[in-house]
Amino acid sequence: MNQSEFPKNYDPASAEKAIYARWESSGFFDPDTCIAAGVTKPDAPTFSMIMPPPNVTGVLHMGHALMLTVEDIMIRFARMRGLRTLWLPGTDHAAIATQAVVEKDIAKKEGKSRHDLGREELLRRIDAFVGHHHDVITEQIKVMGASCDWNREAFTLDDARSRAVRTVFKRMYDDGLIYRGNRIVNWDPKGQTTISDDEIVYEERSATLYTFKYSKDFPIPISTTRPETKVGDTAVAVHPDDERYRAYIGKEYDVEFCGVPLHITVVGDPAADPTFGTGAVGVTPAHSMTDWEIAQRHNLPARQVINEYARMTVGGPELKDKKVAEAREVVVAWLREQSLLEKEEAVAQSVATAERTGGIIEPLPKLQWFVNVNKEIPGRGATLKDIMRTPVADGRIRIIPEHFGKTYFHWIDNLRDWCISRQIWYGHRIPVWYRGDEIAVGEAPAGDGWEQDSDTLDTWFSSALWTFSTLGWPDATADLQAYHPTAVLETGYEILFFWVARMILMTGYALDTIPFSTVYLHGTVRDAQGRKMSKSLGNGIDPIEVAAKYGADAARMALVVGNTPGTDSRISEDKIRAYKYFANKLWNIIRFVHTNCDNTAALIPKSAPEARTDADRDILAKLSEVTTAVTGNLDRFVLHEASQQVYQFAWHELADVYLEASKTQLQDPALKENTLRILLWVITTTLKLAHPFAPFVTEELWGRVTEATDPKDLLMVQPWPVVLP
RNA sequence: GGGCGCAUAGCUCAGCUGGUUAGAGCGUUGCAUUCACAUUGCAAAGGUCCCUGGUUCGAAUCCAGGUGCGCCCACCA
795 MNQSEFPKNY DPASAEKAIY ARWESSGFFD PDTCIAAGVT KPDAPTFSMI
845 MPPPNVTGVL HMGHALMLTV EDIMIRFARM RGLRTLWLPG TDHAAIATQA
895 VVEKDIAKKE GKSRHDLGRE ELLRRIDAFV GHHHDVITEQ IKVMGASCDW
945 NREAFTLDDA RSRAVRTVFK RMYDDGLIYR GNRIVNWDPK GQTTISDDEI
995 VYEERSATLY TFKYSKDFPI PISTTRPETK VGDTAVAVHP DDERYRAYIG
1045 KEYDVEFCGV PLHITVVGDP AADPTFGTGA VGVTPAHSMT DWEIAQRHNL
1095 PARQVINEYA RMTVGGPELK DKKVAEAREV VVAWLREQSL LEKEEAVAQS
1145 VATAERTGGI IEPLPKLQWF VNVNKEIPGR GATLKDIMRT PVADGRIRII
1195 PEHFGKTYFH WIDNLRDWCI SRQIWYGHRI PVWYRGDEIA VGEAPAGDGW
1245 EQDSDTLDTW FSSALWTFST LGWPDATADL QAYHPTAVLE TGYEILFFWV
1295 ARMILMTGYA LDTIPFSTVY LHGTVRDAQG RKMSKSLGNG IDPIEVAAKY
1345 GADAARMALV VGNTPGTDSR ISEDKIRAYK YFANKLWNII RFVHTNCDNT
1395 AALIPKSAPE ARTDADRDIL AKLSEVTTAV TGNLDRFVLH EASQQVYQFA
1445 WHELADVYLE ASKTQLQDPA LKENTLRILL WVITTTLKLA HPFAPFVTEE
1495 LWGRVTEATD PKDLLMVQPW PVVLP
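Residue numbers (this note's numbering): 795 to 1519.
Since the hints were derived computationally from the structure, they do not count as laboratory data.
Even for Gly, the Cβ is constructed at its ideal location relative to N, Cα and C.
Some clues are possibly wrong.
[As the list claims (entries may be wrong)] Computed spacing ranges between beta-carbons, pair by pair:
(1) Q1132 to E914: 48 to 58 Å
(2) A922 to V995: 28 to 38 Å
(3) P1055 to R999: 26 to 36 Å
(4) N1101 to A1065: 19 to 29 Å
The task is simple: from the sequences and hints, build the whole structure.
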């Protein structure tokens, strides 16, 4: 082989695309093909992972790149160890996020709202948007080298997943776990929809705490930051042991507050904190979660005074139809006028806002669908909370890093019923049909006059089914049988609650098993200064650009080396460049052997060759050591150690020490051939060890050393090196 | 208010169940180099392992307290 065929430096840009195409055309991403071709034994144990589906809202970022890298390392390792390995890819419809992006775009370009377009037209537009992003995303996944099975690709909103959603919904409804109820929900007036507790972002703001009485005759002053809601008060709550107010408990008063007649009952409730404000709470059941609960305990009526557009619905012309902020001023002015205002204090307040739209959340009573997490499941002797807690508590599900288990339990302990209905159009429509007083659940009923619930389901409802809906459930498919429960769920710690917990819930409920036995949580990828990457800061590093410039292998290594699970990491171009150099180092190790040997393929030993010099013995011993260490670390998911060990060995043992020693040994005719055998043995083993981390360059070099062209000779399906005892 | 985590070389971080002179990458400094690679090699400098106390033959590692950061949760009216 001459110089032009083996250039001095590795050029990832020209090699990677062709290598991925070879992998894909081999069909070995699909475990069925592996079995058919004989690279995997049909009775081999399985190793399966379902890819956390990226949102079709955007394109891939560094967080996705980290996810794909970690998962691909696990998958390639498993495949090379001879396991029946499945990595199933997919994308997520991300209901609220996607609809919000498309609506915003239409508003900007055409000045139209969703109501101008209508439900069908909006959905058509969203589908077009989603189709485009899906294609971009799948290309990007390939750029990163992900060896996932595209034959089994899934989408959270396709027909198969829809059927799974309807089936679970129906079953839960029949079990009384899904119910419709009038409850206080987090209403986002900007997005015109309900959102879950987890989609709320609290913002620290300064506010004024007003202390006043409803009227001159009312005996108890109250404090609030939201005087405008007081027109909806039906009670005042005081602590039952509070001496100051005990005498008033049970008394009822009629007052006129800012032109609105109120009927106030004084109740004793432990929720009232005697040390806060005046120790008495004005209870507004319709516009506060806490107050709603107080009202439930004392059978108090709820009176809605704010509508879906955050405007007042009661009072005279000075109040009615006003936005809440304006109404507040009106009420405060009235209080001053009436000399009812006793105190004004500046306080810090955390305001609930919607994660997606930034709108200030207005708690409202609404008819919504809920999942009851505290009800005993018929015939199971357990609640959904129990189902979430038990497998983690008893160790059937292992969370890495371990300490997230504590956070997980803490979250479950504080969990309330899950509101699953959303007032948006994009998503799984709630599978409930109404006709007068009749109700049908699950599938559309025959006959005329039925109308389907207009709401859609929370995205996480369908995501929660992901490990089994992707494998064909509710049918008892061969895939479901073979690959479920999956081996590992690898995802970011920020969605432990959103997603991981709910997968455990749904799988435990629907299949009476666990969705996965290991949860591997990765941290957030930050920039070199430790800031989160964001569009507004403009500090994002695009993984696709990086892959083009330095190679996907370099990006993968940079993301994994020194990055422990559950911990945020920093990435910079400097770090990525360092691993581009590593790929080049591997390249030149092989290049060196090529310049000294023109029949590498024929000389590759079948088993460990004999050592004749101290240098030989030393490198073979080191090779065994690193093989054992890397294998052990990959088995335990300690990727940051394993990747570093490969790097260290290839560069500082093989290249720096043995290659140098081999230069003199190659001059000795008595040693030359054996030295080449050892070199080839060590090199081929090293390529195998490095392959999960840097799949492209190792595959390329493997081809150059073995000169083999049969798909079965691809490095990706070679057996993992074994250390003989 | 409740919970979780972090503090180790100039920078970014490893360091498992406590055990020789505490490690890596990047950076810095010096030397080398027509020899696989300058995307190189060799070498060097650089650390009270945040503080205090405890357990121990022995602590970066375990325990308690403190200080400083960060994150998550929450019904602060």
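Hints, one by one, checked against the model:
In this structure, Q1132 and E914 meet the distance hint of 48 to 58 Å, their C-beta atoms being roughly 53 Å apart. For A922 and V995, the hinted distance range of 28 to 38 Å is satisfied, since their beta carbons lie about 30 Å from each other. For the pair P1055 and R999, the supplied restraint of 26 to 36 Å holds, since their beta-carbon distance comes to about 32 Å. Distance hint for N1101 and A1065: a CB-CB separation of about 26 Å, consistent with the stated range 19 to 29 Å.
Checked against the numbered hints given earlier, the structure satisfies every one of them.
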